[in-house]
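Asks: So the chains spell out like this:
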Amino acid sequence: MWTFIHKLGSPKHCYRIAGYFIPYLGTISIVCFIYGLVGGLILAPADYQQGDGFRIIYVHVPSAFLSLSVYMVMALSATVSLIWRIKMADVITKVSAPLGATFTFLALVTGSLWGKPMWGTYWVWDARLTSELILLFLYVGYMALESALEDRHMAARASNILVLVGVVNIPIIHYSVVWWNTLHQGASISLLNKPTIAPSMLYPLLAMLVAFMAFFFAVMLMRARCEILLREQKSNWVKELVQTT
Amino acid sequence: MVEASHKLYVKKAVPASAWRACLQVLRRDLLLSLRRRSEFSNPLFFYVIVVSLFPLAISPAPKTLQMIAPGVIWVAALLATLLALEHLFRSDYDDGSLEQLVLSPHPLAALVFAKVVAHWLVTGLPLLLLTPMLAMFLHLSAQQTSILLLTLFLGTPTLSLLGAVGAALTVGLRNRGLLLALLILPLYIPVLIFAVASVVNAGVGVVVTGQLAVLGALCVLALCLTPVTTAAALKVTLT
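Those protein sequences? They're chains A and B, same order as listed. FYI, the numbering used here numbers position 97 of the first sequence as 111, with every residue one higher than the one before it. FYI, the numbering used here numbers position 207 of the second sequence as 998, with every residue one higher than the one before it.
Treat the hints loosely; a few may be bogus.
Pair ranges (Cβ atoms, derived) [as the list claims (entries may be wrong)]:
(1) A/189 <-> B/862: 42 to 50 Å
(2) B/855 <-> A/243: 57 to 65 Å
(3) A/38 <-> B/809: 51 to 59 Å
(4) A/86 <-> B/1026: 19 to 27 Å
(5) A/182 <-> B/808: 26 to 34 Å
(6) B/854 <-> A/48: 57 to 65 Å
(7) B/808 <-> A/137: 49 to 57 Å
Covered by chain B, per the in silico footprint, the following chain A stretches (three or more residues, Cβ under 8 Å) [what the hints assert, rightly or not]:
(8) 75-84
(9) 155-161
(10) 178-190
(11) 228-242
What the hints contain is simulated information worked out from the structure, not anything from laboratory work. Beta carbons are placed, not taken as given, at the ideal position from N, Cα and C, and that holds for glycine.
Can you make the complete structure from the sequences, with help from the hints?
Replies: This is the structure in structure tokens:
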């Protein structure tokens, strides 16, 4: 057990282990995507209130879920990196950020597309939308700092501190936005406040959730592999790897 | 100027206690900003100019101005604080005295806290003193103005403390001003929301102790957590 964890800390083994997991994650993702898309977009009945418009939840809910989860993954790996100085944790924090920002952006776009037929406008200063927007700003700030610092080691440690500051602030920001929102307007209709959701709609949604998660981990590991090669380009095992392939 | 700032450290090499070291840092920073007045007066002029743009841009009608005043004053104060924060560590970084602070035997978090206090005294406090004039420009009632001052008194220390983390993270960079804004502005949102809401509510006669309590809580939280974070960030960016 411990040797496995220790091996994860070494770039060479991390590269190998990541390569081992990618095909499995990719397969899970593709299978769940197919089931979720067919089930959600074709087989599931139209909602009695929202018609076919509700089908956007099959993209919106998983991306909104992941937008926050990816930040938590980053916070976790930033903590690991700051406490135990494991370089591979830095790699994971760094490569996750653009993915998280993309999911946040996707959640915002699908949310506003859904808002047009439902609320009659593309943008409403709804608590959830506003929090998502601020989350996007936090991702942007992280990526800006990460890319501005030239020394890679310093960049990683400084941006790790920023991630932790962000993670302390996310609940504060979220609840202040919710409070602000109830002050200004009545709570908007939200996507998930329906008491029950029919199984024929729910299972594709869960499948999409799994598909998105597997997709995130697969792409994250692929990007991590690239990043490892880039960082270790001077080491012998990378040179050997490049020569043999 | 560079020599002067070094001398202040040399004269009292290794002060007896951390408390005295903090007082030294406080005294030194206040003295330095007295000699470099423009660095600290510029954000204040910025504050006044930005606020006076709004009547020109929107409408000079007193009713409209009264409605937008709390938000306008707070956003301008936020931007002015941000502008001033760029200078928090800059000259110390340039002349190397920041490294001396990091190397000193006293807890860095306490020294950093002293620096932030000094910074707030020369930027936040004057901002507070200018505000009644701006409130008059925007036709705020006396009662709303007093609440506005109270929110600024509770809110601007939080802004300075949070901003210090950002300033420490970006200390060695060329385009730090813009980067600082990107990093820190999203974190200012809770303070903005509660401060503006309490001034607006005071205008319609609602009790605002709840919002003021939240502002105070945010300030206490920032007081506890940010000096340590700023110290950690400085240790990273100065290596």
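Asks: For each hint, tell me whether it holds in the structure or not.
Replies: Hints and how they fare:
no.: 1; hint: A/189 <-> B/862: 42 to 50 Å; verdict: violated, 20 Å
no.: 2; hint: B/855 <-> A/243: 57 to 65 Å; verdict: holds, 59 Å
no.: 3; hint: A/38 <-> B/809: 51 to 59 Å; verdict: holds, 55 Å
no.: 4; hint: A/86 <-> B/1026: 19 to 27 Å; verdict: holds, 26 Å
no.: 5; hint: A/182 <-> B/808: 26 to 34 Å; verdict: holds, 31 Å
no.: 6; hint: B/854 <-> A/48: 57 to 65 Å; verdict: holds, 59 Å
no.: 7; hint: B/808 <-> A/137: 49 to 57 Å; verdict: holds, 56 Å
no.: 8; hint: 75-84; verdict: violated (count 0)
no.: 9; hint: 155-161; verdict: holds (count 3)
no.: 10; hint: 178-190; verdict: holds (count 8)
no.: 11; hint: 228-242; verdict: violated (count 0)
In this structure, the earlier hints numbered 1, 8 and 11 are contradicted, and the remaining ones agree with it.
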